[in-house]
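We have chain F already, so just place chain A on it with the hints.
What follows is the residue order along each chain.
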Amino acid sequence: MSTINPASTPNALAHAVHGEAAHHELSFVRKYIFSTDHKMIGIQFLITTLLMLMVGGALALAVRWQLAYPWKTMPIVGELLFAQQGGQITPEFYTMLFTMHATVMIFLVVIPVLAGAYGNFCIPLMIGADDMAFPTLNMLSYWFMWPAIACFGTSFFVGGGPASGWTSYPLLADLYEAAPGSGWAQNFWLLGVTFIGFSSMMGSINYLTTIINMRAPGMTLFRMPMTIWGMFITAILQAFALPVLTAAGFMQVGDRLFGTVFFIPSGVVVNNAAPTIGGGQPLLWQHLFWFYSHPAVYIMLLPAMGMVSDMLATMCRKPLFGYKPMVYAMAAIAGLGFIVWGHHMFTSGMNPALGMTFMISTMMIALPSAIKTFNWIGTIWGGNIRFNTVFLNCVAFVSMFIVGGLSGIFMAAVPTDIYFHDTYFIVAHFHYVLFGATLFGVFGAIVYWFPKMFGRMMNEKLGKLHFVLTFIGFNGTFFPMHMLGIAGMPRRYADPYLHPYLEHLQPMNLIMTWFAILMGVAQFVLLANFAYSMFLGPKCGRNPWDANSLEWSAPSPPGHGNFDIPPVIYRGPYEFSSPLSGDKDFLMQTEPPVTDNVNDTPPEPDDTA
Amino acid sequence: MRYFWAAFFMFWPIVAIVIFTISPAMNWWFPGAGDPDSLTKGQSMTPLGVDIDNLFYLILIITSVVFVLTHIALGYVLFRGARDEGKKALFSHGSHALEVMWTIVPTGILIFISLYQLDVWRKFRVMSSFPEAAVEAPVAEVTARQFEWRIRYPAPGKKLQLKPQPDDLYTVNDLHVPTNRPVMIQLRSEDVQHSFFAPQLRVKQDALPGQVIPVWFEVTQAGHYQLTCAELCGWGHYKMKARIVAEPQTQFGKYLHDLRNEQNDDGVQDKKSGDADDE
Chain F
1 MSTINPASTP NALAHAVHGE AAHHELSFVR KYIFSTDHKM IGIQFLITTL
51 LMLMVGGALA LAVRWQLAYP WKTMPIVGEL LFAQQGGQIT PEFYTMLFTM
101 HATVMIFLVV IPVLAGAYGN FCIPLMIGAD DMAFPTLNML SYWFMWPAIA
151 CFGTSFFVGG GPASGWTSYP LLADLYEAAP GSGWAQNFWL LGVTFIGFSS
201 MMGSINYLTT IINMRAPGMT LFRMPMTIWG MFITAILQAF ALPVLTAAGF
251 MQVGDRLFGT VFFIPSGVVV NNAAPTIGGG QPLLWQHLFW FYSHPAVYIM
301 LLPAMGMVSD MLATMCRKPL FGYKPMVYAM AAIAGLGFIV WGHHMFTSGM
351 NPALGMTFMI STMMIALPSA IKTFNWIGTI WGGNIRFNTV FLNCVAFVSM
401 FIVGGLSGIF MAAVPTDIYF HDTYFIVAHF HYVLFGATLF GVFGAIVYWF
451 PKMFGRMMNE KLGKLHFVLT FIGFNGTFFP MHMLGIAGMP RRYADPYLHP
501 YLEHLQPMNL IMTWFAILMG VAQFVLLANF AYSMFLGPKC GRNPWDANSL
551 EWSAPSPPGH GNFDIPPVIY RGPYEFSSPL SGDKDFLMQT EPPVTDNVND
601 TPPEPDDTA
Chain A
1001 MRYFWAAFFM FWPIVAIVIF TISPAMNWWF PGAGDPDSLT KGQSMTPLGV
1051 DIDNLFYLIL IITSVVFVLT HIALGYVLFR GARDEGKKAL FSHGSHALEV
1101 MWTIVPTGIL IFISLYQLDV WRKFRVMSSF PEAAVEAPVA EVTARQFEWR
1151 IRYPAPGKKL QLKPQPDDLY TVNDLHVPTN RPVMIQLRSE DVQHSFFAPQ
1201 LRVKQDALPG QVIPVWFEVT QAGHYQLTCA ELCGWGHYKM KARIVAEPQT
1251 QFGKYLHDLR NEQNDDGVQD KKSGDADDE
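Chains F and A, in that order, give the protein sequences. In terms of our numbering, the first sequence opens at residue 1 and continues consecutively. In terms of our numbering, the second sequence opens at residue 1001 and continues consecutively.
Calculated from the structure, these hints are not laboratory results. Here a beta-carbon is modelled for each residue, glycine too, at the ideal position from N, C-alpha and C. One or more hints might be untrue.
[Said to hold, decoys possible] List time: in silico BS3-like cross-link candidates among lysine-lysine, alpha-carbon distance up to 30 Å:
#1 A:K1254 with A:K1163
#2 F:K584 with F:K539
#3 F:K324 with F:K584
#4 F:K464 with F:K584
#5 A:K1087 with F:K464
#6 A:K1158 with A:K1123
#7 A:K1088 with F:K464
#8 A:K1241 with A:K1254
#9 A:K1239 with F:K72
#10 F:K324 with A:K1088
#11 F:K461 with A:K1087
#12 F:K539 with A:K1088
#13 A:K1241 with A:K1123
#14 A:K1241 with A:K1163
#15 A:K1241 with A:K1158
#16 F:K584 with A:K1087
#17 A:K1088 with F:K461
#18 A:K1159 with A:K1241
#19 A:K1254 with A:K1159
#20 A:K1159 with A:K1123
#21 F:K539 with F:K464
#22 A:K1158 with A:K1254
#23 A:K1087 with F:K539
#24 A:K1088 with F:K584
#25 F:K461 with F:K584
#26 F:K324 with A:K1087
#27 F:K72 with A:K1241
#28 F:K539 with F:K31
#29 A:K1239 with A:K1163
[Claimed, not checked] Which chain A residues face chain F? A few, computed with CB under 8 Å, are given here:
#30 M1001
#31 D1051
#32 I1052
#33 L1074
#34 K1087
#35 E1190
#36 F1197
#37 D1206
#38 L1208
#39 P1209
#40 G1210
Pulled out of the complex, with its shape left as it was, chain F reads as follows:
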C-alpha cells in the first residue's frame, strides 16, 4: 500500500489505497451500465425512478383530467389514443389508468427510490464499507427491475391493460371473463410484480448482510445514523413479507392459467359464462396481499423517516432529539406493521371479532409514529437552522406526515372506516403519507446527497422554486380529497357525477386537477435542476453541509472502494454544536478525540428540559 498524498485527486487516492482492487480502468459498459459499484447502482436506480415518477405522474394527470372534465376530449393524446370515441377516455381505459398509476408509483418509484437508490448509495458509505457484501447480486437487483418495467409496459399494449386496481382483488383479477380485454395484461402485470419482488429481495438480503457484517471499526449499532436504521428495518420487513406476495401472485397466475381454484368459489357466474367449479375463497387473496402490502407501506416510509432525521439534525446543527427512542419507535412500527394488515379489510366480511383485534393493533401503531413526530419537532427546537431546500423539504415531510397520520385514526376506528372505506378520504390519507411525507423526504435527499453522488451542488434557487410549486400543488390537489371523502365520493369511479349526491363536487375536482397540473409541471424544474447541476453545478468539497456522518469523510464523488483513509468511528453521528467541537459546530464520526483522556461519550439525556 502506497502512502497517501493529500494533493492527489480523490480517485487516485482511492486507487492508491486499494491497490490491486482497482488499478485497471473499467470499460464504459462495466462502469456505467453493468456496474457492480454500489454508488453507480444507486445512481442508476435514482435516475430510473425519477423517469418512472414522470410516467406515473402523467397517468395520474390523465385520471385527474377525467374527474375534472368527464368524457371530454383529452388534450394532446386524446385524439391519438381514442380516435373512435372522439378523443374521450373509455371507462376501461380509466380503470387501467389508476391501476397503472398505483403500480408505477409504488413498485417502480417509491420502493426502488428509497431502498434501491438511497439504500444502495448510502449504506456502504455511511457504515464505512468499501461496497455491498454481494456486489453482483446488487447489480442483478437493479437489472431485475427492467424485466418488471418491460412486463408492466407490455401490459399496456396487450388487451385493454390490467384493470383490477393495484390490489388486484379476485375474482375481478382472477377470471378472464370478469374484465374483458385485460386477459394477458393481467398476466404480465403479475409477472412484473414478481420480477420487482426478486429485485427487492436481492436488495434486502444484501442490505442485511452488509449492515450486520461490514461496519467499520467503532461503528456500533447505536452509532449508526437513522438512515441506516431505516434501511435495516425496511430490509427485514421486505425479507419476511415479500415471499407472501410472491406466493400469492403465483397462486393467482395458477388460477388464471393452470386451472387452480385458490380464490374461486363454486357457482360464480361471470358475464354469462358457465358457473365456476371451485371451492376457493376470494378473501384469502386479500389476507395474503395485505400481509405484504401493509408492511410495504412502512417499506415506503421508514427509510424516508431515517433520511429526514439525518437531514433535519444536520440542517438544524443540533443532535437528533431522542436517538434511541427514534430507533425503538422504528422497530415498533416494523413489529406492529406485521399485525395490522386486516385494517384494509374491515368491510370485507371477515370475522368481526378479528376486526376488533386489528383495530387495536392499528391504533397502537399510531403511537410510534407520534413519538417520531414529536422528536423531529424536538430536533428543530433550539437549532441554528439553515433554511435551505433540504430543510424545507424535511419540514414539509413532518408537516404532511402529521396530516397523514391523523387522518389515519379515522380509518383505524372501525365504525368510521365503515363509511370511509374506499372513499376519497382514503386516497387523501395515503397520498399525504406516500407523497406528502415520503416524496418530500426523497426530494430533500436528492439535494442532500447530490454533492456526494456527483461532486457538484444543486442549484438552490431552482430547488426552492421546485419545492414551493410542489408544496402548493400537492396541498391543492390532495387536501380537498378529505372533503370528497366526507361527502362520500367512492374511489375508482370513472364518472362520479352520475350519482346525484356527488354532482356538486365537480367544480372542486376541477380546481384540484389544475393544482395537480401545476405539481406535474413543477417536476420539470427538478429534472432540469438535476440535469444541469450534474454537469454544470458548482463543485464542492468532501463535506459541503458540515455533516458528521461517515459518507462526508469520503471524497466527492467517492472513488472505487469509497474511502481513501480507512475509517475508524469514535462517536455517534449527531454531535452537532458539541462543546467538544471547538470553533466548528460539528464533530465528524471519524475525527479522533482531542486527547485520550477526554470522555467523548454524549451526556445522559437531560431530565429537566
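Same frame as chain F, but now just chain A:
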C-alpha cells in the same frame, strides 16, 4: 427570508382549518337526506349512522387539537430557529421526561378511542347483537352483479328463504325497505366482489362471491337514498347506481303487493282475481 419560510409552513395549516370549518356550509360534507337545503342536511338517517357521525366528530375534535398543537409547536421551533440563525445550537440529545410524557399521553388517547368505538362496531357487525326483529325476517336478498343490484323479496306474508322460491318477487336497482324498524338484508354477489354502500345511511358492506353476508340498518325517515358500489368491480363500477326507498310499513306492504300483481300479471286474467288467492 428565514421568517418567510417559517411563516410559509404556518400558512397552510390555517388554510386547512378554514377549509374544514366552511366545508359543512359549502356542502362539502356528509350527504344527508332529501333536498340539500333542508335542516337535516348532512345528518345520517339511521341510528347507527348517527353513532358513526358522533364518533367521527369526536375523533375530529381530538385530531384537530393535536393538529393545531403540533403545528403551533412546529411554528414556534421554526421561528425560534429563524431568529437564532448564526448562534450555536442547543446541545441536547433529548429529554427522558418528555419522551415518557409523549408516549403515555397518546397511548391514553388511543386506548380511549379504541375502547369507545367498540360498541358501535359490535352493534353494526356482530351477528349476536343484531336486533331480533331484523334477524327474524330479512326483508330482501340483494345480489350484486356486473353492474347492477338484483333484489329478491319473499312473497307477502312469507319468509325469505336461502334458495329462491317460485313466488319470490324480483326487482333491479330498486330496494324498498320499511322505516322505523330494524331491517336486515342478505347480501351476496353473483360474480366478482362488490360493496353495498348507502352513503346517507352510512352503511357499507362488501359482497363476497360464494358467501351470504347479513347487513342490518334502520331508516328513521322515509325518502329516497342512494345505493352505490364501493369495491372496484370492473369497467362499469361507477355505473352501479341504485336507490333505496324507505317508506312506512303500510306503504311497503302495498308496494310488495303491487309488485306481486305486476309480476303475476299474464295480461289475460283479471288482476283482481289473481289478488284474491291469498287473501
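To see whether the hints hold, each was checked on the structure:
1. A:K1254 with A:K1163: holds (24 Å)
2. F:K584 with F:K539: holds (22 Å)
3. F:K324 with F:K584: holds (25 Å)
4. F:K464 with F:K584: Status holds; Cα separation ~27 Å.
5. A:K1087 with F:K464: Judged against 30 Å, a Cα distance of about 24 Å means the pair holds.
6. A:K1158 with A:K1123: holds (27 Å)
7. A:K1088 with F:K464: holds (25 Å)
8. A:K1241 with A:K1254: holds (25 Å)
9. A:K1239 with F:K72: Holds: K1239 of chain A and K72 of chain F sit about 18 Å apart, inside 30 Å.
10. F:K324 with A:K1088: The hint holds at about 24 Å.
11. F:K461 with A:K1087: holds (25 Å)
12. F:K539 with A:K1088: holds (27 Å)
13. A:K1241 with A:K1123: Holds: K1241 of chain A and K1123 of chain A sit about 27 Å apart, inside 30 Å.
14. A:K1241 with A:K1163: holds (26 Å)
15. A:K1241 with A:K1158: At roughly 29 Å apart (the allowed maximum being 30 Å), K1158 of chain A and K1241 of chain A satisfy the hint.
16. F:K584 with A:K1087: Roughly 12 Å between the alpha carbons, so the hint for K584 of chain F and K1087 of chain A holds.
17. A:K1088 with F:K461: Given that 30 Å is the threshold and the Cα spacing comes to 26 Å, the pair holds.
18. A:K1159 with A:K1241: holds (27 Å)
19. A:K1254 with A:K1159: holds (17 Å)
20. A:K1159 with A:K1123: holds (24 Å)
21. F:K539 with F:K464: Holds, because 20 Å separates the two Cα atoms, which is no more than 30 Å.
22. A:K1158 with A:K1254: The hint holds at about 15 Å.
23. A:K1087 with F:K539: Holds, at about 28 Å.
24. A:K1088 with F:K584: Holds, at roughly 9 Å.
25. F:K461 with F:K584: holds (27 Å)
26. F:K324 with A:K1087: holds (27 Å)
27. F:K72 with A:K1241: Answer holds: K72 of chain F to K1241 of chain A is near 22 Å, not above 30 Å.
28. F:K539 with F:K31: Given pair K539 of chain F, K31 of chain F holds - Cα atoms ~22 Å apart, limit 30 Å.
29. A:K1239 with A:K1163: At roughly 28 Å apart (the allowed maximum being 30 Å), K1163 of chain A and K1239 of chain A satisfy the hint.
30. M1001: holds (7 Å)
31. D1051: This interface hint holds because 7 Å falls under the 8 Å limit.
32. I1052: Hint on I1052 of chain A: holds, closest Cβ of chain F at ~5 Å, below 8 Å.
33. L1074: At about 6 Å, which falls below the 8 Å cut-off, the nearest Cβ of chain F leaves the hint on L1074 of chain A intact, so it holds.
34. K1087: holds (6 Å)
35. E1190: holds (6 Å)
36. F1197: holds (7 Å)
37. D1206: Interface hint status for D1206 of chain A: holds (5 Å vs cutoff 8 Å).
38. L1208: Result: holds, 5 Å to nearest chain F Cβ.
39. P1209: With a closest approach of 5 Å, the P1209 of chain A hint holds.
40. G1210: Result: holds, 3 Å to nearest chain F Cβ.
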